[in-house]
Amino acid sequence: MELFFDLLRSVVYGVIEGITEWLPISSTGHMILAEQVLKFSFSDEFMSMFRVVIQLGAILAVVVLYFKKLWPFCGDNGQDSGFARHVRWPVVRLWCKILVSCLPAAVLGLLLDDWLDAHLYNSIVVALMLILYGIAFILIERRPRVPATTKLSRITYKQAVLVGGWQVLAMIPGTSRSGATIVGGLLCGMSRPCASQFTFFLAIPVMAGASGLKLVKYLAGGGVFTAAEVAALAVGCLTAFLVSMAAIRFLMNYVKKHTFTAFGWYRIALGVVVLGIWAIQTFVFVPSL
Numbered sequence: 045m046e047l048f049f050d051l052l053r054s055v056v057y058g059v060i061e062g063i064t065e066w067l068p069i070s071s072t073g074h075m076i077l078a079e080q081v082l083k084f085s086f087s088d089e090f091m092s093m094f095r096v097v098i099q100l101g102a103i104l105a106v107v108v109l110y111f112k113k114l115w116p117f118c119g120d121n122g123q124d125s126g127f128a129r130h131v132r133w134p135v136v137r138l139w140c141k142i143l144v145s146c147l148p149a150a151v152l153g154l155l156l157d158d159w160l161d162a163h164l165y166n167s168i169v170v171a172l173m174l175i176l177y178g179i180a181f182i183l184i185e186r187r188p189r190v191p192a193t194t195k196l197s198r199i200t201y202k203q204a205v206l207v208g209g210w211q212v213l214a215m216i217p218g219t220s221r222s223g224a225t226i227v228g229g230l231l232c233g234m235s236r237p238c239a240s241q242f243t244f245f246l247a248i249p250v251m252a253g254a255s256g257l258k259l260v261k262y263l264a265g266g267g268v269f270t271a272a273e274v275a276a277l278a279v280g281c282l283t284a285f286l287v288s289m290a291a292i293r294f295l296m297n298y299v300k301k302h303t304f305t306a307f308g309w310y311r312i313a314l315g316v317v318v319l320g321i322w323a324i325q326t327f328v329f330v331p332s333l
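In my numbering, the protein residues as written are 45 to 333.
To be clear, the hints were calculated from the coordinates, so they are not data collected in a lab. What you are looking at is a predicted structure, and each value in this text was computed from that prediction instead of being measured. Heads up, some of the hints might be wrong.
For each label pair, taking beta carbons as the anchor points, the in silico distance ranges come out as [unchecked claim]:
hint: 1; residue 1: Val274; residue 2: Glu79; range: 16 to 24 Å
hint: 2; residue 1: Val274; residue 2: Gly253; range: 33 to 41 Å
hint: 3; residue 1: Ser197; residue 2: Phe327; range: 47 to 55 Å
hint: 4; residue 1: Glu79; residue 2: Val136; range: 35 to 43 Å
hint: 5; residue 1: Phe49; residue 2: Pro134; range: 44 to 52 Å
hint: 6; residue 1: Val144; residue 2: Leu51; range: 34 to 42 Å
hint: 7; residue 1: Ile168; residue 2: His130; range: 37 to 45 Å
Calculated lysine-lysine pairs in the BS3-like style (CA-CA distance at most 27 Å, straight line) [to be verified]:
hint: 8; residue 1: Lys202; residue 2: Lys83
hint: 9; residue 1: Lys112; residue 2: Lys202
hint: 10; residue 1: Lys113; residue 2: Lys261
hint: 11; residue 1: Lys195; residue 2: Lys113
hint: 12; residue 1: Lys83; residue 2: Lys261
We put the CB at the ideal spot given by N, CA and C, even for glycine.
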């Protein structure tokens, strides 16, 4: 019976991951709320790994939805000879920009992963970052602007580097990786759809690397998977994949007609809720909701 409830909790976590990983509202903030009511029977070490590794299901959704835009090979590009004729060079250049943008976060992630978990994964930091970036979205959308970059092929290396800098800030829990990179993209002159798609593509190497790192650390630390843990991880990944497919489609349709202002207000409200829960547990001595 306990396994059934753990699998049910995995479904809920997968839904949260699938929605909040792509909408700029912070998956960490929602995970903190979920942890107040969803108590797994697994170890803390496994859960720390689980929260990150289910992202693999989410990034698989990006690969499936945008495979044609991401796959760099073709039957014949009609221009080159030899092996080069089978290469889609605009896609190769896009991947180069993606990797350039991911490099700062990849390096700092390897160096600071454990420190960030130990010192910044708490309700106060998460709530403050939720509110701060919520305000940022509202202010950016109030500023009149005409985006200079509306297509992925027009993104420059300078823009890629600047968005990569914003992605480093997303290492702070509560920031939202998609939120930070979308803000960076908007400030760099990208349109909402362009910034959103570039954010999706950045997630592939970043989240795959983060998931792999967590998995390796878990196994290197002596972690061994039970059958129940494997089942929970599989269910979480599958749910995250299916929900991500819907969330990505929703966001791309939404930003074609609307601004990110609503997400900004939502972040502020969620930040206040997280702060309220922290205050109740700290000063009223309620152990959990």
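For each hint, the structure was consulted:
1. Val274 with Glu79: 16 to 24 Å: holds (21 Å)
2. Val274 with Gly253: 33 to 41 Å: This hint is violated: roughly 22 Å between Cβ atoms.
3. Ser197 with Phe327: 47 to 55 Å: Holds: the Cβ-Cβ distance is about 54 Å, inside 47 to 55 Å.
4. Glu79 with Val136: 35 to 43 Å: 42 Å Cβ-Cβ, so the 35 to 43 Å window holds.
5. Phe49 with Pro134: 44 to 52 Å: Check passed, 49 Å falls within 44 to 52 Å.
6. Val144 with Leu51: 34 to 42 Å: Because 40 Å falls inside the window, the suggested range holds.
7. Ile168 with His130: 37 to 45 Å: violated (53 Å)
8. Lys202 with Lys83: violated (45 Å)
9. Lys112 with Lys202: The hint holds at about 25 Å.
10. Lys113 with Lys261: violated (33 Å)
11. Lys195 with Lys113: holds (12 Å)
12. Lys83 with Lys261: Status holds; Cα separation ~23 Å.
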